[in-house]
Amino acid sequence: MLKEARKPCICQSIALSIALFVLGFCQLAVAMSNGKSAIRADFEALSGASQHQSFIVYYRSASRAGDIKAFARQKLSQIEQNTGFALEFSRAIFTGGWLIHTRAPLSSEEAKTLFQAFLQQPDMEFIEPDRVFKPLMVPNDPRYGQQWHYFEPTGGVNLPAAWGMVNGTGVTVAVIDTGITNHPDLAANIVGGYDFIHQPDSTLPGDFVDPRDGDGPDPNPRDEGDWTRGNDCTPSSDGTKPQGGSANPAPGIMPGPGGFVKSSWHGTHVAGTIAAIANNGVGVTGVAPGAKILPVRVLGKCGGRLLDVVQGISWAAGGTAFADDGSVIPNPHPAQVLNLSFGMGSPSACLPQSTLQRAINSARDQGAVVVVAAGNNSSLANYPPANCQGVITVAATDREGNLAAYSNFGPNITVSAPGGEIFATLANGVLSTHNNGSTTPSTPAYHYLGGTSMAAPHVSGIVALMLEADPSLTADQVATVLQNNARPLPGTCIVNCGAGIVDAGATIASLLNAPVPDAYEEDDTAAQWKAYTGTPQDHNFADDAVDWVATYNFGNNRRVYEADNLGIKANACISVYLMSQSGGISSLLAQDCDSNGDGRSRLVLDQPPGGYLVRINNEGGFSGSLSDYTFSITNTPINAPVDSYEPDDTAAQWSAYTGVVQNHNFADDTVDWIASWNSNMNRRTYETFNVGQYVSTCITVYSMDANNNPGTILGHDCGSSGNGRSRVVLDQPVGGYLIKVRNANGVTGVGTDYSFRIINQPL
Numbered sequence: 001m002l003k004e005a006r007k008p009c010i011c012q013s014i015a016l017s018i019a020l021f022v023l024g025f026c027q028l029a030v031a032m033s034n035g036k037s038a039i040r041a042d043f044e045a046l047s048g049a050s051q052h053q054s055f056i057v058y059y060r061s062a063s064r065a066g067d068i069k070a071f072a073r074q075k076l077s078q079i080e081q082n083t084g085f086a087l088e089f090s091r092a093i094f095t096g097g098w099l100i101h102t103r104a105p106l107s108s109e110e111a112k113t114l115f116q117a118f119l120q121q122p123d124m125e126f127i128e129p130d131r132v133f134k135p136l137m138v139p140n141d142p143r144y145g146q147q148w149h150y151f152e153p154t155g156g157v158n159l160p161a162a163w164g165m166v167n168g169t170g171v172t173v174a175v176i177d178t179g180i181t182n183h184p185d186l187a188a189n190i191v192g193g194y195d196f197i198h199q200p201d202s203t204l205p206g207d208f209v210d211p212r213d214g215d216g217p218d219p220n221p222r223d224e225g226d227w228t229r230g231n232d233c234t235p236s237s238d239g240t241k242p243q244g245g246s247a248n249p250a251p252g253i254m255p256g257p258g259g260f261v262k263s264s265w266h267g268t269h270v271a272g273t274i275a276a277i278a279n280n281g282v283g284v285t286g287v288a289p290g291a292k293i294l295p296v297r298v299l300g301k302c303g304g305r306l307l308d309v310v311q312g313i314s315w316a317a318g319g320t321a322f323a324d325d326g327s328v329i330p331n332p333h334p335a336q337v338l339n340l341s342f343g344m345g346s347p348s349a350c351l352p353q354s355t356l357q358r359a360i361n362s363a364r365d366q367g368a369v370v371v372v373a374a375g376n377n378s379s380l381a382n383y384p385p386a387n388c389q390g391v392i393t394v395a396a397t398d399r400e401g402n403l404a405a406y407s408n409f410g411p412n413i414t415v416s417a418p419g420g421e422i423f424a425t426l427a428n429g430v431l432s433t434h435n436n437g438s439t440t441p442s443t444p445a446y447h448y449l450g451g452t453s454m455a456a457p458h459v460s461g462i463v464a465l466m467l468e469a470d471p472s473l474t475a476d477q478v479a480t481v482l483q484n485n486a487r488p489l490p491g492t493c494i495v496n497c498g499a500g501i502v503d504a505g506a507t508i509a510s511l512l513n514a515p516v517p518d519a520y521e522e523d524d525t526a527a528q529w530k531a532y533t534g535t536p537q538d539h540n541f542a543d544d545a546v547d548w549v550a551t552y553n554f555g556n557n558r559r560v561y562e563a564d565n566l567g568i569k570a571n572a573c574i575s576v577y578l579m580s581q582s583g584g585i586s587s588l589l590a591q592d593c594d595s596n597g598d599g600r601s602r603l604v605l606d607q608p609p610g611g612y613l614v615r616i617n618n619e620g621g622f623s624g625s626l627s628d629y630t631f632s633i634t635n636t637p638i639n640a641p642v643d644s645y646e647p648d649d650t651a652a653q654w655s656a657y658t659g660v661v662q663n664h665n666f667a668d669d670t671v672d673w674i675a676s677w678n679s680n681m682n683r684r685t686y687e688t689f690n691v692g693q694y695v696s697t698c699i700t701v702y703s704m705d706a707n708n709n710p711g712t713i714l715g716h717d718c719g720s721s722g723n724g725r726s727r728v729v730l731d732q733p734v735g736g737y738l739i740k741v742r743n744a745n746g747v748t749g750v751g752t753d754y755s756f757r758i759i760n761q762p763l
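Residue numbers 1 to 763, in our numbering, belong to the letters of the sequence shown in order.
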């Protein structure tokens, strides 16, 4: 927030350029209005970045101007004459100001000089830099820095890169586990839940599983504690009662006083890794802090029964689960992701006919993704559910990126994720939400634990991020995308550690910058559909007079739909429709029927995320070998201006290039230049087309040196494709570039016109 100046400033003036006086910041930036100080320039905001190229400026007299662009040109020309900075009017904005750009980036000191020049204009009301707001990640949770498993380059999963795009909003993850304890870092993200554990059946020898809540299944998933004293879970020789004796603690859970194993609060720890609340100023954060947790209690004292487990799996995904009286248990919060951080005590097959496999199949039929821990037996992952079909099985890695010493491995592993090692150094474990109670729940806490149980929720959280990015993903597609974007283990792996350590940033980027999913003709079968990758694709009307393209837009993009290289008897029309929820046509958005006479049809639309159907109609009705064409879809940022100029133009004659095709002419010169600033890592296409009959163009792309002059030649093309255009395609980082468009014939005048465009595509 800006503050009013409290003290007067004593300022001096010095000469600058032609009749420009640089006055002190205070007197220039603060004017008197109705007896109160009014700030006219936000100099403080210039300290937020080292370079500035976009600004927002307000004029009191702008609202009375008939031609905003002409009025803006007049005002900006005055600034150009006084400073030497070339300025471009981009557009008016709804608040009454203008967005303007400089041809080249300015340093903070240069931007201050620019501000001072604007302040010389008495009707100028306010100027500020156009700034970039980013998500408030890395989180402000004080113990986030101890969650190495999220961000460290060696053993982490690259979460900060994903958090810049998604946080899991709109996705529910079921933690099928020991239940949940009350925790301030979890409470706001908990929805519904159920306890499926039955009381021990005294008529069944060896039935020692106990919910410890005094009743059977109920809608309260509170974790009552799974502590045991001695060998409480080991049957006596006749199988009728516990064997008793000294405790035999599980790995990572230390025995407490009296020879008992403390409660693990396992479900609370797993839930925190998935969706602990971010930016609340306490504790830790989860992998998907915007997601919701559905706690499903199936594990109590001595573990969980198969029938209770499978009921929980089916119910969590929105499938059928029955109460003891035969009624159906409703689930108002079905989960899209199921986390199963448990396994059988001994290796066995997961047969297709088995109850567990049937439950997993049921969950998948409901559309859920099932993520399971590989197991902590230092052997093959041959323990159900890790070896069941249709699950994502997760092995554990340590802080150095090795397969963790305890982790199972083998051909069943889909991917690996951090599970930590707590035996040598506690801080090398996975930090998450926990509880201080030794037996029953006590005060909330944060503890380090280690195991594949800790690895699986990393993947479940990333799956939640994926489903926010693309809710249409199937379970099999999720597994494939995770594998395709995993990175090799930087440490050692015995054998079969899956595709590698999951990479959240790469995974989400691959979805949000994904190619158009499928291009197809309406009479093709699914097997005949062709993959569309953003590169122009050959089509032919030989089998029909209509082609269709189904496309999903993953962001707010300016999209160019284009049919080109049309056969001599084909005249294509492009119609873009909104896709209905059922995948059919909803409404017509726009249409083009080759009206520009250049052998192509093109539509340019600013579109939000969603599904679209593109109809390409052969109006001539011809079929056969002469009715071929190419089709492409390109995404460019909405309102991303690029400055375009000719070297012998004055600054006032430079025209704004906004990503829409721009017409040029060589009437005044045989060379045109385009100055372009690339604001993101992009694949850029520089292209001339609609070339006049007497001219042949060459494109040469240069890097821009520190003085805004041509540097190294990066690419060159002289219409070698034989299709009446020149095109250069380059993968380019952020920076300035100069494009030289040369008239290879050297003629000027009538017939030397052409069109030029720059297209940005994600790498």
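Just so you know, the hints here were simulated from the structure itself, not pulled from any lab data. The reader is advised that the hints may include incorrect statements.
Calculated cross-link-like contacts (lysine to aspartate or glutamate; reagent style EDC-like; alpha-carbon spacing at most 16 Å) [to be verified]:
#: 1; residue 1: K112; residue 2: D130
#: 2; residue 1: K69; residue 2: E44
#: 3; residue 1: K262; residue 2: D218
#: 4; residue 1: K112; residue 2: E152
#: 5; residue 1: K69; residue 2: D42
#: 6; residue 1: K112; residue 2: D67
#: 7; residue 1: K112; residue 2: D207
#: 8; residue 1: K740; residue 2: E687
#: 9; residue 1: K69; residue 2: E109
Bear in mind the structure is a predicted one, so any value in this text is a computation, not a measurement.
Earlier hints that do not hold, by number: Going through the list in order, the structure violates hints 2, 3, 4, 5, 6, 7 and 9 and respects the others.
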